[in-house]
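Start from chain A and add chain B according to the hints.
In the order they appear, the protein sequences are chains A and B.
Residue numbers for the first sequence follow this note's numbering, beginning at 1 and rising by one.
Residue numbers for the second sequence follow this note's numbering, beginning at 411 and rising by one.
Quick caveat, the hints were computed from the structure, so don't treat them as lab data.
Treat the hints with care, as some may be off.
Stated by the list, open to error - Label-pair distances were calculated between CB atoms; the ranges are:
(1) G727(B) x N46(A): 46 to 54 Å
(2) V130(A) x L732(B): 57 to 65 Å
(3) E722(B) x F58(A): 16 to 24 Å
(4) F516(B) x T83(A): 31 to 39 Å
(5) S547(B) x A210(A): 48 to 56 Å
(6) A440(B) x F58(A): 28 to 36 Å
(7) G731(B) x V130(A): 56 to 64 Å
Claimed, not checked - Chain A side only, calculated, beta carbon under 8 Å to chain B, not exhaustive:
(8) G68
(9) Y69
(10) F266
(11) A363
(12) E376
What the hints assert, rightly or not - Using 20 Å as the maximum straight-line C-alpha spacing, the simulated EDC-like pairs for lysine to aspartate or glutamate come out as follows:
(13) K523(B) x D642(B)
(14) K264(A) x D552(B)
(15) K523(B) x E722(B)
(16) K162(A) x D542(B)
C-beta: ideal position from N, C-alpha, C; glycine also.
Take a look at the letters that make up each chain.
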Amino acid sequence: MTTLTDPPKASFRLSQLIYDTRYRSITIQVIAMILVVLGLYWLVNNTIQNLSALGKDFNFGFLTQPAGYDINQRLIEYTSQSTHFRAAIVGILNTLLVAFLGCILATIIGVFVGVLRLSKNWVVSRLMSVYVEGFRNVPLLLWIIAIFAIMTESMPQPRDFKVGGDAAMILGDSVAVTNRGVYVPGVVFENGLLGAPLLNWLLVAAVLIASLFVIRIVRRRADATQESTGIRPTTWYQQLALLIVPTGALLFLMGAHLQIPYIKGFNFTDGVHLRNSLIALWIALSLYTGAFIAEIVRSGILAISKGQSEAAAALGLRPSRTMNLVILPQAMRVIIPPLISQYLNLTKNSSLAIAVGYMDVRATLGGITINQTGRELEGILLMAAFYLLLSLTISGVMNVYNNRTQLQER
Amino acid sequence: MKNSVLLGALTVAGLAAGAAAAGTLDDVKARGTLNCGVTTGLVGFAAPDANGVWEGFDVGVCRAVAAAVLGDPMAVEFVPTTGQTRFTALASGEIDFLARNTTWTFSRDVDLKFEFTGVNYYDGQGFMVPRDLGVSSAKDLDGATVCIQTGTTTELNLADFFRSNNISYEPVPIETNAEAQQQYLAGACDVYTTDASGLAATRATFEAPGDHVLLPEIISKEPLGPLVRHGDNEWADVTRWTLNALITAEELGVTSANIAELSAGTNNPEINRLLGTEGELGAMLGLEADWAKNAIMAGGNYGELFEKNIGENTPIGLARGLNAMWTEGGLIYSPPFR
Numbered sequence: 001m002t003t004l005t006d007p008p009k010a011s012f013r014l015s016q017l018i019y020d021t022r023y024r025s026i027t028i029q030v031i032a033m034i035l036v037v038l039g040l041y042w043l044v045n046n047t048i049q050n051l052s053a054l055g056k057d058f059n060f061g062f063l064t065q066p067a068g069y070d071i072n073q074r075l076i077e078y079t080s081q082s083t084h085f086r087a088a089i090v091g092i093l094n095t096l097l098v099a100f101l102g103c104i105l106a107t108i109i110g111v112f113v114g115v116l117r118l119s120k121n122w123v124v125s126r127l128m129s130v131y132v133e134g135f136r137n138v139p140l141l142l143w144i145i146a147i148f149a150i151m152t153e154s155m156p157q158p159r160d161f162k163v164g165g166d167a168a169m170i171l172g173d174s175v176a177v178t179n180r181g182v183y184v185p186g187v188v189f190e191n192g193l194l195g196a197p198l199l200n201w202l203l204v205a206a207v208l209i210a211s212l213f214v215i216r217i218v219r220r221r222a223d224a225t226q227e228s229t230g231i232r233p234t235t236w237y238q239q240l241a242l243l244i245v246p247t248g249a250l251l252f253l254m255g256a257h258l259q260i261p262y263i264k265g266f267n268f269t270d271g272v273h274l275r276n277s278l279i280a281l282w283i284a285l286s287l288y289t290g291a292f293i294a295e296i297v298r299s300g301i302l303a304i305s306k307g308q309s310e311a312a313a314a315l316g317l318r319p320s321r322t323m324n325l326v327i328l329p330q331a332m333r334v335i336i337p338p339l340i341s342q343y344l345n346l347t348k349n350s351s352l353a354i355a356v357g358y359m360d361v362r363a364t365l366g367g368i369t370i371n372q373t374g375r376e377l378e379g380i381l382l383m384a385a386f387y388l389l390l391s392l393t394i395s396g397v398m399n400v401y402n403n404r405t406q407l408q409e410r
Numbered sequence: 411m412k413n414s415v416l417l418g419a420l421t422v423a424g425l426a427a428g429a430a431a432a433g434t435l436d437d438v439k440a441r442g443t444l445n446c447g448v449t450t451g452l453v454g455f456a457a458p459d460a461n462g463v464w465e466g467f468d469v470g471v472c473r474a475v476a477a478a479v480l481g482d483p484m485a486v487e488f489v490p491t492t493g494q495t496r497f498t499a500l501a502s503g504e505i506d507f508l509a510r511n512t513t514w515t516f517s518r519d520v521d522l523k524f525e526f527t528g529v530n531y532y533d534g535q536g537f538m539v540p541r542d543l544g545v546s547s548a549k550d551l552d553g554a555t556v557c558i559q560t561g562t563t564t565e566l567n568l569a570d571f572f573r574s575n576n577i578s579y580e581p582v583p584i585e586t587n588a589e590a591q592q593q594y595l596a597g598a599c600d601v602y603t604t605d606a607s608g609l610a611a612t613r614a615t616f617e618a619p620g621d622h623v624l625l626p627e628i629i630s631k632e633p634l635g636p637l638v639r640h641g642d643n644e645w646a647d648v649t650r651w652t653l654n655a656l657i658t659a660e661e662l663g664v665t666s667a668n669i670a671e672l673s674a675g676t677n678n679p680e681i682n683r684l685l686g687t688e689g690e691l692g693a694m695l696g697l698e699a700d701w702a703k704n705a706i707m708a709g710g711n712y713g714e715l716f717e718k719n720i721g722e723n724t725p726i727g728l729a730r731g732l733n734a735m736w737t738e739g740g741l742i743y744s745p746p747f748r
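Same shape as in the complex, but just chain B:
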């Protein structure tokens, strides 16, 4: 919590690092590790397991980038950030890459000088309430106490939603998801609101998940994606195309199971270009020819990452929904590898 003050002050001094970060790709290669900003803990997206190894859907993106750049998915230094500290950490150069359920918005892209390099989860803001409260719609929440993570887009959407529906609420600002969970379970707030995926992930960790319901209203668009600093186009390209490689791999049927076989060469030229047996896509990015192969092998393609961390067979149990491939009626779509 005090971090953000420190970071704020350090931005002044630490901007030197920002200026030196013009070549983030070279910095990461020279350092041998990727500094990746993640949440302080949201099961399924980014949380350390019992052995202290970070895992999750956002962590998978970090590992894929590390594998693409350094050839080693474990060469990642995870930096936990809160809703408030994340942008300062990225702007000051403390992290190279932020993969932390961050919503792509106009002002963050344009005014805060960040570069979103894709969307790895299409989300929307929802509400969770205890079942015995008997609430069936967010419009019934007049006068409710709402736990909300500060410094997020959800905070602004919440204000807009209650304002436009002409009902009142009492916001309880909190810093991290863990804190929100504790406050919500203690009954210090009636409602917890954040991205619907985050609510599902949080509810999955409850002792009695069935006692809590997600209200039907989704009150915003929250395209969540990784981002880097503005102005370093080479680095932005590396991270953008790593995510695209994971998506394309699912589309082309390249999985961590068959990748060894496919990387020997296939009849499909796009698979060959993706896996580096044809063309020079890797060299164009300033990476090895097998960069995308390494990225996919790190945790599987996009669909595998989804199923393993947050999919329907996990406790979090999110359906693909909007996050299905474009070929299956979803929004997940990668530009072609050529």
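Just chain A, same shape as in the assembly:
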């Protein structure tokens, strides 16, 4: 006969926190948590104490003071009488501009090089290897400075373009390549609908995007007609009209016309001035990050089984169409996650702008403003917050895209 006895009552002993595997992990986590909090407390407390020892306070009031300095490249209205906050915004916009341009160019370079590095042509694939290894293994800062130095030292000065000078404008006298940057024709609005040129441009972009949406609807409808009747209606003239007419009408309404730069006094006036600092930073960031993206693209393509391209070849697809329609769409699933970190790297690396005097947020808020106001802690915190926010935004948006390109399994 068996007797049921109560299991021995678990009497909790303190030593179990260490020796009992059920509790040990919790113990360790609690201790780690306490240490982290203590560490943070020490840091903050130390900072507060030392700030008061230096007789400084912690406040962001300096952001509303006039900045007093000028910024050469500004996408929004700014004068030396504007506030430090506005100077920071000008810097932020400059950072966003170079990061945006850089990500686009780096992606184009990366995809091209990544594909070409797998080319069966020995010379092409070796050339691409040289490019990739060269840019991956030399610090970015050197590339930025090198490109900047080439631009500054080897291009003619603007006054060489004057009558009797030994330099000439190219592309039908519309583009001037100087050692201060490249002057290209710019579009100006004779009678803008909105106050600032930037807003007018945003309006144009909005109209363009809207047209693209309508074009998509037209295409969808054509697809539907094709599926139900078997005949695809001719829509190219509709699409073309939708693309050109609304935007064109808007530009005409605003009196848009090209303005060709010409030399006047010390510099070129009119047109758009792409400064050396922007060009050097943009090209160097794109070439450098492009080398990494090329490797990501290559690994993505190699991850697709050979059977896929053989199957495509069996269907009679040409190699270029095989790559575009079969391999790359599948490779994207492998490529996108590491691509996100490359975009983040490029964005953060843009803070090396200081080397060539490009006025990004590091140079305005994190440089001159900090220097003129002595608000190091506040300035650095604001800048860190900006980069954090920007990185999280980029990675968030790219992750949404990533989720949409992933294989949908049911």
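Below, chain B without anything else, positioned relative to chain A:
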């Protein structure tokens, strides 16, 4: 360049050093060397020579302080700083003393919590342009591209000058004097602007100095002087009176040539007090009795330092001008040693 980011971040952690710096004099004595912040290189004011030994007018002040405190003018650790990194380096305690063509302004003294301990050069902001540009006045510079060191008072004056004259310009921000020189010579900017003394010093290093002119306009007052952290009065006194000792020495005719003879004792009680043979001025500062003698012997008195480094017989060729002794119509003046 990346230094400033690092320094900025380090200020948070490194402020511990700032708090501990209440007794900079004791720290320097215990360490045995003076950490002196200078420019990254401006010939005549602070630049390493062919053997890597720093020399120049600002360097002379560093060496005088080291000689006064430690008895050895060579016991100086020079820390090159840019316009942007200098204040962080001083505030964080990385350097004890900043002698780097730094303009004494209200906000730096009051808001940035620094203590200027005198003026060793009365300067003003000027413009340099290539001669063949044909410009004779700064007011003709409408639309010009101007190289400017960032984080300086000159940057703010420049904005004010062009604004008040209602003309436009394109600023090209650069970090160091060397960078500015390279950009200017390559023609990436039409004009280089900084303190007139700095322009003269920079021009002296050009291959053809005669091809470049300094425009007549001086658009600001730039009293340049050494500075220390706010709140350490003993250390501020040491550096202030070391500079004053150099100035007083010139006024009293004490030079590195006759100092050995004079320090045996003279009929002039102020010379005796200065050189430590009478009174206890050294002890009041917490230094040896011969502190001022050491400081003067380090590089000579104020006038000797000036003549040797930036004076009319050097390639830089600056006239004394405002920087002559008050007795000769200049502004250089020291309170009395008594």
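Exercise. Can Y69(A) be said to touch chain B, with a Cβ gap under 8 Å?
Worked result: Interface hint status for Y69(A): holds (5 Å vs cutoff 8 Å).
Problem set entry | A363(A) as chain B interface residue, shortest Cβ-Cβ below 8 Å | 7 Å, holds
For this session: Would you check whether G68(A) satisfies its interface hint, that is, whether its CB is within less than 8 Å of any CB in chain B?
Result: Because about 5 Å separates G68(A) from the closest Cβ in chain B, which is inside the 8 Å limit, the hint holds.
Exercise. Are E376(A) and chain B close enough, Cβ to Cβ, to be under 8 Å, as the hint says?
Worked result: Holds - the Cβ of E376(A) comes within 8 Å of chain B, reaching about 5 Å at its closest.
For this session: Using the beta carbons of A440(B) and F58(A), state whether their distance is inside 28 to 36 Å or not.
Result: Because 32 Å falls inside the window, the suggested range holds.
Exercise. Do the Cβ positions of S547(B) and A210(A) conform to the proposed distance bound of 48 to 56 Å?
Worked result: Holds: the Cβ-Cβ distance is about 54 Å, inside 48 to 56 Å.
For this session: Go ahead and decide if the range 46 to 54 Å is satisfied by the Cβ distance of G727(B) to N46(A).
Result: 50 Å, holds
Problem set entry | Closest C-beta approach of F266(A) to chain B relative to 8 Å, hint status | 4 Å, holds
For this session: Quickly compare the C-alpha distance for K264(A) and D552(B) to 20 Å and report which way the hint goes.
Result: 10 Å, holds
Exercise. Range hint 57 to 65 Å: satisfied by the CB atoms of V130(A) and L732(B)?
Worked result: Holds - the Cβ-Cβ distance for V130(A) and L732(B), about 60 Å, lies within 57 to 65 Å.
For this session: Return holds or violated for the Cβ distance of G731(B) and V130(A) against the range 56 to 64 Å.
Result: Taking Cβ atoms as reference, G731(B) and V130(A) lie about 59 Å apart, which means the hint holds.
Exercise. Under the criterion that the straight-line Cα-Cα distance not exceed 20 Å, is the pair K523(B), E722(B) satisfied?
Worked result: 36 Å, violated
Hints 3, 4, 15 from the earlier list are contradicted by this structure; the remaining hints agree with it.
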